[in-house]
Amino acid sequence: MKRPFVAGLVALSAGFALAYPAVAADKIKIGFISTLSGPSAALGVDIRDGFNLAIKLNGGKLGGLPVDLLVGDDQFKPEVGKQLAEKYVRLDKVDILTGIVFSNIMLAAVPEAFNAKVPYVSPNAAPSPLAGKQCNPWFFVTSWPNDAYHEAAGKNATDKGYKNAYLIAPNYQAGKDSLAGFKRFYKGKIVDEVYTKLGQLDYSAELAQVRAAKPDALYIFLPGGMGINFIKQFVGAGLSKDIQLMTPGFGSDQDVIRPVGDAMLGLFDTAHWALDLDNPVNKKFVAEFEKEYKRLPAMFAAQAYDAALLIDTAVKGLKGKIEDKEALRKALKSAKFESTHGPFKLNTNQYPIQNYYLRVVGKDAQGRIVNKTIATVFKDHGDAYVQDCPMK
Amino acid sequence: MSLILILEQSLNGLQFGLMLFLLAAGLTLVFGIMDMINLAHGSLYMMGAFLAATLVQATGSFALGVLLSIPATAAVGMLLEVSVLRTLYARDHLSQVLATFALILIINELVRMIWGSDMPLSAPAALAGPVQLLPGMPYSSYRLLIIGVGLAVAVLLYFVVAKTRIGMLVRAGASNREMAMAMGVDIRRLFTLVFGFGAALCAIAGAMLGPILAVQVGMGENILILAFVVIVIGGIGSIRGALVGSILVGMVDTMGRAFIPAILREFISPAFAGAIGPALASILIYLIMAGVLVWRPQGLFPARG
Amino acid sequence: MRRVLPLCVLLLAIAFPLAMQAIDQAYYVTMASRILIYGLAATSLNLILGYGGMISFGHAAFVGAGAYAASVMIVEGMTSAWIGWPLAMAVSALLALAIGAISLRTRGVYFIMITLAFAQMIYYLTVSMKAYGGDEGLTLTQRATLGFGLDPHLDLRDDITFYYVVLAILTAALFFVSRLVNARFGRVLQAIRENEPRMEAIGYPTLRYKLIAFVLAGALGGLAGALLAGQNNYVNPGMLHWTESGKLMIMVILGGVGHLYGGVFGAIGLLGLEELLANHKIAWLAALYPNYQQHSLLGVGLAMLAVVLYAPQGIAGIFRRKNHG
Numbered sequence: 137m138k139r140p141f142v143a144g145l146v147a148l149s150a151g152f153a154l155a156y157p158a159v160a161a162d163k164i165k166i167g168f169i170s171t172l173s174g175p176s177a178a179l180g181v182d183i184r185d186g187f188n189l190a191i192k193l194n195g196g197k198l199g200g201l202p203v204d205l206l207v208g209d210d211q212f213k214p215e216v217g218k219q220l221a222e223k224y225v226r227l228d229k230v231d232i233l234t235g236i237v238f239s240n241i242m243l244a245a246v247p248e249a250f251n252a253k254v255p256y257v258s259p260n261a262a263p264s265p266l267a268g269k270q271c272n273p274w275f276f277v278t279s280w281p282n283d284a285y286h287e288a289a290g291k292n293a294t295d296k297g298y299k300n301a302y303l304i305a306p307n308y309q310a311g312k313d314s315l316a317g318f319k320r321f322y323k324g325k326i327v328d329e330v331y332t333k334l335g336q337l338d339y340s341a342e343l344a345q346v347r348a349a350k351p352d353a354l355y356i357f358l359p360g361g362m363g364i365n366f367i368k369q370f371v372g373a374g375l376s377k378d379i380q381l382m383t384p385g386f387g388s389d390q391d392v393i394r395p396v397g398d399a400m401l402g403l404f405d406t407a408h409w410a411l412d413l414d415n416p417v418n419k420k421f422v423a424e425f426e427k428e429y430k431r432l433p434a435m436f437a438a439q440a441y442d443a444a445l446l447i448d449t450a451v452k453g454l455k456g457k458i459e460d461k462e463a464l465r466k467a468l469k470s471a472k473f474e475s476t477h478g479p480f481k482l483n484t485n486q487y488p489i490q491n492y493y494l495r496v497v498g499k500d501a502q503g504r505i506v507n508k509t510i511a512t513v514f515k516d517h518g519d520a521y522v523q524d525c526p527m528k
Numbered sequence: 021m022s023l024i025l026i027l028e029q030s031l032n033g034l035q036f037g038l039m040l041f042l043l044a045a046g047l048t049l050v051f052g053i054m055d056m057i058n059l060a061h062g063s064l065y066m067m068g069a070f071l072a073a074t075l076v077q078a079t080g081s082f083a084l085g086v087l088l089s090i091p092a093t094a095a096v097g098m099l100l101e102v103s104v105l106r107t108l109y110a111r112d113h114l115s116q117v118l119a120t121f122a123l124i125l126i127i128n129e130l131v132r133m134i135w136g137s138d139m140p141l142s143a144p145a146a147l148a149g150p151v152q153l154l155p156g157m158p159y160s161s162y163r164l165l166i167i168g169v170g171l172a173v174a175v176l177l178y179f180v181v182a183k184t185r186i187g188m189l190v191r192a193g194a195s196n197r198e199m200a201m202a203m204g205v206d207i208r209r210l211f212t213l214v215f216g217f218g219a220a221l222c223a224i225a226g227a228m229l230g231p232i233l234a235v236q237v238g239m240g241e242n243i244l245i246l247a248f249v250v251i252v253i254g255g256i257g258s259i260r261g262a263l264v265g266s267i268l269v270g271m272v273d274t275m276g277r278a279f280i281p282a283i284l285r286e287f288i289s290p291a292f293a294g295a296i297g298p299a300l301a302s303i304l305i306y307l308i309m310a311g312v313l314v315w316r317p318q319g320l321f322p323a324r325g
Numbered sequence: 031m032r033r034v035l036p037l038c039v040l041l042l043a044i045a046f047p048l049a050m051q052a053i054d055q056a057y058y059v060t061m062a063s064r065i066l067i068y069g070l071a072a073t074s075l076n077l078i079l080g081y082g083g084m085i086s087f088g089h090a091a092f093v094g095a096g097a098y099a100a101s102v103m104i105v106e107g108m109t110s111a112w113i114g115w116p117l118a119m120a121v122s123a124l125l126a127l128a129i130g131a132i133s134l135r136t137r138g139v140y141f142i143m144i145t146l147a148f149a150q151m152i153y154y155l156t157v158s159m160k161a162y163g164g165d166e167g168l169t170l171t172q173r174a175t176l177g178f179g180l181d182p183h184l185d186l187r188d189d190i191t192f193y194y195v196v197l198a199i200l201t202a203a204l205f206f207v208s209r210l211v212n213a214r215f216g217r218v219l220q221a222i223r224e225n226e227p228r229m230e231a232i233g234y235p236t237l238r239y240k241l242i243a244f245v246l247a248g249a250l251g252g253l254a255g256a257l258l259a260g261q262n263n264y265v266n267p268g269m270l271h272w273t274e275s276g277k278l279m280i281m282v283i284l285g286g287v288g289h290l291y292g293g294v295f296g297a298i299g300l301l302g303l304e305e306l307l308a309n310h311k312i313a314w315l316a317a318l319y320p321n322y323q324q325h326s327l328l329g330v331g332l333a334m335l336a337v338v339l340y341a342p343q344g345i346a347g348i349f350r351r352k353n354h355g
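Residue numbers (the working numbering), protein chains in the order written: chain B, 137 to 528; chain D, 21 to 325; chain X, 31 to 355.
Since the hints were derived computationally from the structure, they do not count as laboratory data.
Dumping the calculated SDA-like pairs for lysine to any residue here, alpha-carbon to alpha-carbon at most 20 Å:
1) B:Lys377 <-> D:Met157
2) X:Lys311 <-> B:Asp209
3) B:Lys213 <-> D:Leu233
4) B:Lys377 <-> D:Gly156
Here chain B stands alone, though its shape is the one from the complex (with noise of 0.2 Å):
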């Protein structure tokens, strides 16, 4: 009776044992982790799909090695995120690790990455601590600094002549490095500051503040659902007449006009990448996505493009020999290639430097709403943190 019990667990753990084999290396494993349920699936969902575009397109490789892609869902919580980082970089070896919409989410996991000197490729969290003093040579960016779109909105608010602005933001770090961003190139006054919960949906208290404060300007960044939500709520509370509602790109993307429709018409927002940059990539993939995907991308799925391009990159020049870490990490972060938005520059923490654009909200030739770019309010702009960076 005891007998059977004890040799029952000696041959459980045989039987784990037996099942792997060593790992190859004629392939590249990836590990991706997204937020691909819950009200912001609809931003992971975008990542993943551009970063599979990238690979269909190049016949299922990058960088020549055939693509062992192991997609995982974060559900939104941090710590579901860092198990499947731990169980993709401890139990799977992957070779790189991506995909991570949230900043919050991938601060509790990149550690995992970074103590088994695995690169993480970042298609859109990218936390100022990282950039700055924590900064991390196996952290690598191809989306934008999270201040900087933020940073382009409020020097577009104030070129624009907005004389007092209302912030909102969600409490965590991404939410503090955007009000941090706009009041750095705003010289408006700022009527109040408010954090909400992260993931909270329903805006009524915070709106009939705003109702009560009147002001001129309304910036919100509420990332995925929330913003859904809010703008919704905003509009249905009527204040859409009376204050101009912007936000950062992302905000007002693809994924947040699909549900909310033509109340975001007329909407400013600020972005490194939109749907009409006339460049050979982005048009390729534009035009690649719809016919794939049926639907337009959202920067997201541009930045995973621009994520698997610089993986492809730096494969190709190590002609495929990805064992040795070392040399994966300086490939990555001496890659050059052109990207979704024209020549992709690394700064010295390996975030970008690169151009935003001011968009607006409009109607494209089809009659489909779309952001449409209008002025260039940054050229080849960094961000605030890389002089904190000891990295060269």
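Since the structure of chain B is already known, use the hints to place chains D and X on it.
Chains D and X only, in chain B's frame:
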């Protein structure tokens, strides 16, 4: 702080409280009559929202979709009762807690498998804009609809419970189950009916709140806890208690979230106030519940005399 | 024979990481550590739930409080485990004292509700602690250290060393609990569980016994929390959510209420089942429903329901039944 701000926040609190009432009413009846702790009540709320979202898409009409979701969810509830929950009436509270907790996991995953992790549900276009209640105070017309529906259901519930035979049986069962059984009431059928009715109320709340919050897997867990707080404060088995308790909780939560950060901001930094404020509002609700449990454990309006 | 079996299992547990290292599957060592830590947490709950009959729905608060106390120490620069871990136990014990003193005045479902309420309050408190991460949680740059110049040999950053420390602590805790429940205190506690009015009538200060048990359980839970923070190098308010308390209760029931190893069995059972369903492809299940691994919680839920309905004595109950023929 302007009068309009206070008025608007009061309406928000009322709106939230009335929806909470729909959940609490069903929960308190089940707890009061069947003496069963049902953690899966929040899952019925979620099912109501998902069914409504599906039916709205299928029929193209918000009103029709929501109306149809009510009997659909009631049917699901009754099915659940007859198959699984019935065996739990005789068990102790711990078993009920654990079994219904397991049901939450099961139903969450089943919904995820059938529908995916979320579904879109928007308010009808006609109600997407505001209504001018007072000069200088437009209020979301959809939220007004919610308040209207909530009040209507409350009135209907009062009518059914106080003025009909079924209601009398329910009240008898809530105040003294053994006596009701001794008097010959078909207790099994009554239980199933009560459960189905509770599920129907959940469906209304889920469908109405869907456009404001989000129809997603796991949406039941957070509101379930508040529903339990409400019935503890109001008194287990008492619908009147559920109404008073939910309005109280709704108001405290909304007003707390709205005004505590503003008051705190006079003394500390905005980011700090923004963090502590909502937490204090939530803590306040649990403090009230703890207070009731210590000083008047049977609640504000105990059903059992 | 009854003493030999636990000893065999202990020896297996000691050999386990070395075996894993040999086949280059160090991931399972961290998984095993996690299971052992949850085993400790579940054992602490078993003390009051199983032996004491107190259905506390807020136990995750003690685990979480211990985790936060230990993490705050590390963040503030006091990295010694000798300070951090006992402090975690003290914090949780004090919390348990405060909560227990009020809650234990209530009975039945009200006790369940009030423990839940207090746990939620502490949950919201941790959410509001922006200085220590708030909603995002707190990532720790390092684990606690055992110090005293032992570092090169007892570096907790090494997962295998950490595993052995956890194993040692769990073994010590189990030993402590076994002595406690077999002593007069434990017997009185179980008698109170069986029939409190009678014990009161005889003259026992039942509230005091329950409160002491509650505080001890809180302290052990806090220790588990401190270890969990070290294991993950991460804490967040989610650890205190009521659903986590529910999971701990499930572990206790699954493993065997009132059985010494009930907590450990339950942790192995629940976490093992989750891991098995999520990460290891079972052929016939995949044929039935290809995506089943993303819905592992369904299997976990069904297993939990089955246990509650049909095997309320849990895993330990199976052994008990076999023992007594």
